[in-house]
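Participant: Fit chain B with the ligands to the given chain A structure using the hints.
Quick note, the sequences are listed as chains A and B, same order. For the record, in the first sequence the residue sitting at position 58 is 57 according to numbering that gives the first Met the number 0, with numbers rising by one throughout. For the record, in the second sequence the residue sitting at position 297 is 296 according to numbering that gives the first Met the number 0, with numbers rising by one throughout.
No lab work stands behind these hints, which were simulated from the structure alone. Check the hints yourself; a few may be wrong.
If you anchor each label on the Cβ, the simulated ranges turn out as follows [as the list claims (entries may be wrong)]:
#	chain 1	residue 1	chain 2	residue 2	range
1	A	I31	B	P161	38 to 44 Å
2	B	I154	A	Q8	34 to 40 Å
3	B	M361	A	R7	50 to 56 Å
4	B	M309	A	T15	15 to 21 Å
5	B	A71	A	A29	37 to 43 Å
6	B	G388	A	R7	16 to 22 Å
Even glycine gets a Cβ: it sits at the ideal position worked out from N, Cα and C.
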Amino acid sequence: MSLQRLDRQEFLQSLTRGGLMAGLAGVTLAAIHGTREVSECFNHNYCDSCWAFDGCGLPEKKETSDERLG
Amino acid sequence: MNANRVITALGTLLVPAAMSGAAEMRFPPPDFYSAYTLPDLYMPPPPTSNGMWDAVILFVALSITTWMVFQARSRRGLFLMSIFSVAWFGFYRTGCICPVGSTQNVMAGLFLPDVGVSVVVLSFFVMPLLFSLFYGRVFCASVCPLGAMQELVAIAPIRISPALERVLSMGKYIYLGLAALGVATGAGFLVCRYDPFVGIWRMGHSYGMLLAGGVILLLGVFVARPYCRFMCPYGVLLGWMSRFSKYHLDIPPSPCVSCRLCEDSCPYNAIDMPTPQHLKEDPEVGKKRLRGFVFASPVIIAIGAIVGYMMYEPLSRMHPTVTLSEQIAAEDVGLLEVNSSLETETARGLDRTTEQLHSEAMAIRENFKTGGAWLGGFLGLIVALKLIGLSKVPKLDVYTPHKETCFSCGRCYPYCPVEAEPTIA
Ligand code: SF4
Ligand code: SF4
Ligand code: SF4
Numbered sequence: 000m001s002l003q004r005l006d007r008q009e010f011l012q013s014l015t016r017g018g019l020m021a022g023l024a025g026v027t028l029a030a031i032h033g034t035r036e037v038s039e040c041f042n043h044n045y046c047d048s049c050w051a052f053d054g055c056g057l058p059e060k061k062e063t064s065d066e067r068l069g
Numbered sequence: 000m001n002a003n004r005v006i007t008a009l010g011t012l013l014v015p016a017a018m019s020g021a022a023e024m025r026f027p028p029p030d031f032y033s034a035y036t037l038p039d040l041y042m043p044p045p046p047t048s049n050g051m052w053d054a055v056i057l058f059v060a061l062s063i064t065t066w067m068v069f070q071a072r073s074r075r076g077l078f079l080m081s082i083f084s085v086a087w088f089g090f091y092r093t094g095c096i097c098p099v100g101s102t103q104n105v106m107a108g109l110f111l112p113d114v115g116v117s118v119v120v121l122s123f124f125v126m127p128l129l130f131s132l133f134y135g136r137v138f139c140a141s142v143c144p145l146g147a148m149q150e151l152v153a154i155a156p157i158r159i160s161p162a163l164e165r166v167l168s169m170g171k172y173i174y175l176g177l178a179a180l181g182v183a184t185g186a187g188f189l190v191c192r193y194d195p196f197v198g199i200w201r202m203g204h205s206y207g208m209l210l211a212g213g214v215i216l217l218l219g220v221f222v223a224r225p226y227c228r229f230m231c232p233y234g235v236l237l238g239w240m241s242r243f244s245k246y247h248l249d250i251p252p253s254p255c256v257s258c259r260l261c262e263d264s265c266p267y268n269a270i271d272m273p274t275p276q277h278l279k280e281d282p283e284v285g286k287k288r289l290r291g292f293v294f295a296s297p298v299i300i301a302i303g304a305i306v307g308y309m310m311y312e313p314l315s316r317m318h319p320t321v322t323l324s325e326q327i328a329a330e331d332v333g334l335l336e337v338n339s340s341l342e343t344e345t346a347r348g349l350d351r352t353t354e355q356l357h358s359e360a361m362a363i364r365e366n367f368k369t370g371g372a373w374l375g376g377f378l379g380l381i382v383a384l385k386l387i388g389l390s391k392v393p394k395l396d397v398y399t400p401h402k403e404t405c406f407s408c409g410r411c412y413p414y415c416p417v418e419a420e421p422t423i424a
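The following block holds chain B by itself, in its conformation from the complex:
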């Protein structure tokens, strides 16, 4: 692949995106008081907003990708599929039919008693997970527009150390937990609001989000798929499904001969190497260590829950009502100028008294105590499971993609010299 051409193509796409976003902010609103309130930037859904068709297209895209991964074993085909996904699900559908975001709708359906989720949304949530459960993360391979965009820009990837990878990958669990907390407490859909790619798909957003999108893409040139590996909450669910998948991509089409040629081919640290002789140990030693970690797990979970509970105050600032109440309180005691922001000015003009606002915020903070404890407990559980996983020395004889973290991107295919065994007619 000619790297210069890719960079030129991306530049052509990204520069207008950044410029249109900047144009929106170039002329600030005049600084004088009038009764006119600036309307929110409204982006209508795309013209052909027929969800059922989107679901059908998603299914077809998943099926083609599965075929590419297992039958055609074509990296080029997957690359072309990525371009289609970026164009269709990204730019044309403006990133909003997105299974990543649908996670929050499903959470809303579960946590909030009066919220239901449409069949189309559910199909978007469930379909990639089901494919993952049978064929691994084929959705991430080239169907997800977020992943596909990052895959296209990863032209000079470097490998980071597995230890750093493990630490950074905790980010996605934290984000998943925060997303759940945001939905359950009514703070909103954080994953959609802070989707770094949405500004690029829609050719306009706030400076901050456009910048975040640009930085992630730039970083992604060298550290492949940073959003997928360290942030994506849906990726966590896909990884869990893929771990138990019935079938999964193999690097060679026939048995691996351990030639080591693929050893450095995966920029995602997703290839498990054969266990070196010096690491093989007496099973009894391993079992003892495992027992230790299993017994320590409840303690780790409890510590997590307590820390989460104690963090309720900063966590509750995710909720706009809490931040508004804090701003108004700060204005009232003279820490801030009165009507320091449009929000406080509007809030003071409403029928609701500031006392009512403060008591609403207090009730929300109480919810965050429970929510924070759940979040902390969940993260404690993840840490405990990771420690248990690390305590076991795997018994591997050949080079194998790690089922949970492998994106089925096919980058490792061309490195393997093993050819498919001829089929007997």
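In isolation and in its complexed conformation, chain A is listed as follows:
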């Protein structure tokens, strides 16, 4: 592979890497943005597999927490 071709390829790779990092940062900011309480269970009460369990304030969650405590 010629040196010039390799340089161009590496440059394009770095550029894409930068773009992907920026994209990842954007996704992170956009996803973290709405940290309001969820107004409706979006996982059909599958609390055990729900990632939002810790921050969830819905009655369904309360029931399962009470069950856990009691």
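Facilitator: Positioned in the frame of chain A, the structure of chain B with the ligands alone reads:
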């Protein structure tokens, strides 16, 4: 590695898992009517549910694995790390701090206006992707409990043809698209609900999911990592990152001498071979073909979107409200017995009228028209990109791991006779 010992160890782990799952179903609930409603099976989070610690452990595990892949180049070390990941992230944390599932939480944060994602969840989503962007798929090498479990059972792997591999690997893009559609339309977290390993981690689940887990593991003895290669939606994102990674595992520690000893070492078809002389072509021919595919891409994407749009009805059955409304409609016209299931019986007992339920289902179906078109367009784009990729004849001189599909598992290390160049003191 003594295969018999591995099988015995796995049997010891899997048999109790299957038995506990079966025990749950052995005595069906009595078949008489009472006001009592059976509660859902509830699995509380593990006792030490401190997400920050989990994130720290994930970071440490990723760092150690990166060191194993690049510095120690130790297949044995990666194997031991896999055992740790299965034990810790799998059995102890019951598979629920899982970057694979976190993809849907992030999607929920993006698509649903009032859903936010916690920092811990985000760190689980982002950390393996960032490592991938710099060092390749080290997360898949031995940190992901799903991948690690499959890696441990892959004791007699056979290689399938690259063409079949390409066709089957479309499954993971379809699953990623369906997962996104499920979150965006409120149908739920499909990846978590149909995670075939969760029943094994938690020693209990429905028969169907336990069976799926068992089948995937059994299949994985011969067709290594079937879930990773053909289904994992997070693997798609990791692959995209890894394709542009700054550093990536190399089979030899010094320049490859093309001895071909590693040619058959990778059960994942992830080693790119040097381009044979007879395939090398005039660059102009390649460019012409490439232009053809690039111009055809919008057509392929449009066809995908139209097909996706037309599929809105079957797709909308992912949503429980739609299936419930269809069941009730079928009961009302006499196709099914009235109160044919617990769900329809409960729905009829609620304040919401069946008309309200049907109109809710109609609105959801409308959402699936748009969602289906997006899904179809996305899959069309993937097909177009794959065709463009296939249209180019790579110019390779040495044996190289394919950055997107290589799991950095280190299976190929021992095959290569090339030794590290001595460093000059
Ligand atoms: S492909 Fe998916 S399931 Fe497999 S190891 Fe990677 S993240 Fe885990
Ligand atoms: S490290 Fe990559 S190329 Fe080598 S065997 Fe594993 S997946 Fe294949
Ligand atoms: S075994 Fe090593 S030197 Fe031989 S072809 Fe494979 S990578 Fe190259």
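Participant: Could you run down the list of hints and mark each one as holding or not?
Facilitator: Outcome of the hint check:
no.	hint	verdict
1	A:I31 <-> B:P161: 38 to 44 Å	40 Å, holds
2	B:I154 <-> A:Q8: 34 to 40 Å	38 Å, holds
3	B:M361 <-> A:R7: 50 to 56 Å	54 Å, holds
4	B:M309 <-> A:T15: 15 to 21 Å	34 Å, violated
5	B:A71 <-> A:A29: 37 to 43 Å	38 Å, holds
6	B:G388 <-> A:R7: 16 to 22 Å	19 Å, holds
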